[in-house]
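Student: For the protein sequence lines, the chains are A and B, in the order given. The numbers in the numbering used here rise by one with no breaks, and the one at position 246 of the first sequence is 246. The numbers in the numbering used here rise by one with no breaks, and the one at position 241 of the second sequence is 241.
There is no bait here: all hints are sound.
Stretch-level coverage of chain B by chain A, calculated; a stretch enters the list once three of its residues show a Cβ under 8 Å from a Cβ in chain A:
#1 8-22
#2 49-56
#3 349-363
Below, a list of computed lysine-lysine pairs in the DSS-like style, where the Cα atoms sit at most 30 Å apart:
#4 A:K349 - B:K432
#5 A:K450 - A:K428
#6 B:K349 - A:K11
#7 A:K421 - B:K349
#8 B:K375 - B:K432
#9 A:K349 - B:K428
The hints are simulated quantities; they were obtained by calculation from the structure and are not laboratory data. By construction, the Cβ of each residue, glycine as well, lies at the ideal position given by its N, Cα and C atoms.
Number of protein chains: 2
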Amino acid sequence: MAKQKKAPRPKAITPKGFRDYFGADVVERNAMLATIAETYRLHGFEPLETSAVETVEALGKFLPDVDRPNEGVFAWEDDDAGWVALRYDLTAPLARVAAQYRNDLPSPYRRYAMGPVWRNEKPGPGRFRQFYQCDADTVGAPSVAADAEICGMLASTLEAVGIPRGDYIVRINNRKVLNGVMEVAGVLNPDDPTQFEAERGIVLRAIDKLDRLGPDGVRALLGAGREDASGDFTEGAGLSADQAETVMAFMSARGDNAGQTVANLRALVGPSATGSTGVDELDQIGTLLAAQGVGEDRAVLDPSVVRGLGYYTGPVFEAELTFEIMDEKGRPRQFGSVSGGGRYDDLVKRFTGQQVPATGISIGVDRLLAALRAKGRLEQAAPGPVIVTVMDRDRMADYQRMAAELRAAGMRAEVYLGNPKNFGNQLKYADKRQSPVAVIQGADEAAAGKVQIKDLVLGAQIAASASLEEWKSQPAQQEVDLADLVPAVRAILARTGG
Amino acid sequence: MAKQKKAPRPKAITPKGFRDYFGADVVERNAMLATIAETYRLHGFEPLETSAVETVEALGKFLPDVDRPNEGVFAWEDDDAGWVALRYDLTAPLARVAAQYRNDLPSPYRRYAMGPVWRNEKPGPGRFRQFYQCDADTVGAPSVAADAEICGMLASTLEAVGIPRGDYIVRINNRKVLNGVMEVAGVLNPDDPTQFEAERGIVLRAIDKLDRLGPDGVRALLGAGREDASGDFTEGAGLSADQAETVMAFMSARGDNAGQTVANLRALVGPSATGSTGVDELDQIGTLLAAQGVGEDRAVLDPSVVRGLGYYTGPVFEAELTFEIMDEKGRPRQFGSVSGGGRYDDLVKRFTGQQVPATGISIGVDRLLAALRAKGRLEQAAPGPVIVTVMDRDRMADYQRMAAELRAAGMRAEVYLGNPKNFGNQLKYADKRQSPVAVIQGADEAAAGKVQIKDLVLGAQIAASASLEEWKSQPAQQEVDLADLVPAVRAILARTGG
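Chain A with its partners taken away, still in its complex shape (with noise of 0.2 Å):
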């Protein structure tokens, strides 16, 4: 007789490249998205929460040639849908509603949103497939007064998550002055876009790298090109010496002052109306940041932001935290970016065909989360509720009682809900809870109307420290009556900070 093969039982497992969230990662993340939603909507932006799912078509994703979604996104096909896939990044979902609702949403449309994305990437050690992002938009509003307002609100928002003014600062570039210094360097023609395309994209390269290769590096490839040390050539841009100096001058064109920065500039640009367009626009986004109070100490004009200089059309932002870190090696360094943002032309040009402007930021809430706990900044993440103990599983009613009293005075606090029998194993569940407090009533208690009252926090010091006669005089564990049950363990939360 054929043995039935009994199905294996299944695997305990988050997918490869997805993780859990537990306890007080929620809470603060939490709290951090609500503070962040207080300030942008304090600026007049709206929520948008749109769907996980997007056709891939409305995400630009799919490939006409091989007829099947792009393979970063997750997509599956559907029967009533077609193909969808999980969204990548907000912006998407923003274009897609920006046209769908173009009669109906007010112009400017300011909206936030806060969510997970998915990307179908390799997993790898902290590489996660699903994150948060938290972007903040305005739609429909061509002059720099919105992206003046957005740095502005990027650097309060930042105050308001708990970033004191010093340890951050908003720097604010223009991609129309970087036209500017390229058709100084004769790699750009105003006449004729397309000529030069090909060295452009070198020198945008080139540029990027600024951090890793340092200023020589970026020189050879802007000239004939550099040699790595494993002895691979990268093409250069064919510059001259003097041209590739002017492209150089722009990145270190920061002076001392917004009027310094913004003169030098003038000077890159020359006679360029594009790099003009570009200076008049960072002089502009200064005085707006000003009259907002946001001063030079918050947010700077910097020619040396150069991150995604490429696909933005206009101003471009960053926001650094600038006090140091520790890294692994234990070596300090700095914190770095948080946020970054700018201005973009075509967000619903691919489906309406109409050119509309927005600008918009992105907080990586998650980093952000990171640099506040290791400054020590987050407040102390709350401690667990007081543990009602059972000492006698008839009375459950009475330390149902208790346990509803101390959350009427607005006190987490739980009945022990496991086998009571092995009192020991209730601390132990106390301690995992990191309870402060935990309550004990047995017979001889409840006969005379009292409750014992452990303080967890002092008892676990004086575990670690007393002397025998400390550890027997129980100094950690008080008899009250009944009736003070609650201001009792009032008090001893308001000693360790519950």
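For this one, chain A is given, so just place chain B on it according to the hints.
Tutor: Relative to the frame of chain A, chain B by itself:
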């Protein structure tokens, strides 16, 4: 020459069955979720946030016969993780987590989870394929103290979100009592639980139809069977009239108070051991709720609650809103259920082979919001921001300064960022933003250090009803010193509820 075919523009639409949420809807839901989370935390529950994506195996949705996932989930095959799917509820991920981290989690483990879930079902009007769930469960607590705690917490939660006492009721029943009744009715043999399985299935389905078919219809299904209006015949369980009356008596066993209900049920289950245990459990739950201060005006033992009896293994709960609303046809009807739950004892057995008791509830957040909206009990949707209009494009810095001042004083404020040429458009925009106040400063006012403040709420009232004289006197608009901007706007907001 062949003309190059232009790719058609993508359609800006949500996939079928998905939707977007804007502004107040997002704010209201987030506020409700935050309130629920606070109440859950007060009871010692900790948040858990799992990913949207789980292995199909862990979800228990893999169909080995066809080597494909169940069609009810959105699933795809991943290079790194195999078949994965979007979670369809929050219980399956809890089961995976309870098994995966069983050595690290406190036991009992009280957790709450809030977030979207996805169902691969045919979309239809009002039927969405992504919606919110909001669950609280206690894992590893076998005693009914855990059930009583959950029921009390459910009542507190409903009050916390704005359902006053008297407008809701938590009803509690117990699957074990029904099993006892089945024994008495002769369709459950405790010595051979496999006997009469078909009959019990019919009885359960019949009970479930009480609302729709009425007592006579259910009686017919318990007996020989029932022919519906179209002539279709549904076979019955074949119970005798006496047996059927026993089952019917179960559903109407509720007495004037918990004591009477318990007595009625005890008489019904007679000698059945399972039935007696079930009645004892209900009795204890009633006692424990009373101890927590939850009276019968908030939670009652009610054997007519039959929903989900088939799935659960012990106590079951349901929260109903008891007030009437008007349905689509203008007829009054009870709002009905907003939450359900109960005890289920094989949460992690699939993974570990171990039986782990669990009990929990799920709150339908969207239904609860709809109820509050229907009763006008949601806080008046916050008005839009103050709009600082732009009379003079060159003085944008002044307008930004005013907005910044208003924000610094805690008021939502924004500068109009569209094309300022047409002032009417600015007021239309303010209207669309539901703005309570417009701030106006032209060159004359600026020179005099003044600013105009327009009360848009009052302005709209006047526009609707004023005489020409009233209209001309412009009572909705006042000129104040620029230095008094903040107090003057605050006074209007205080009057209009902003």
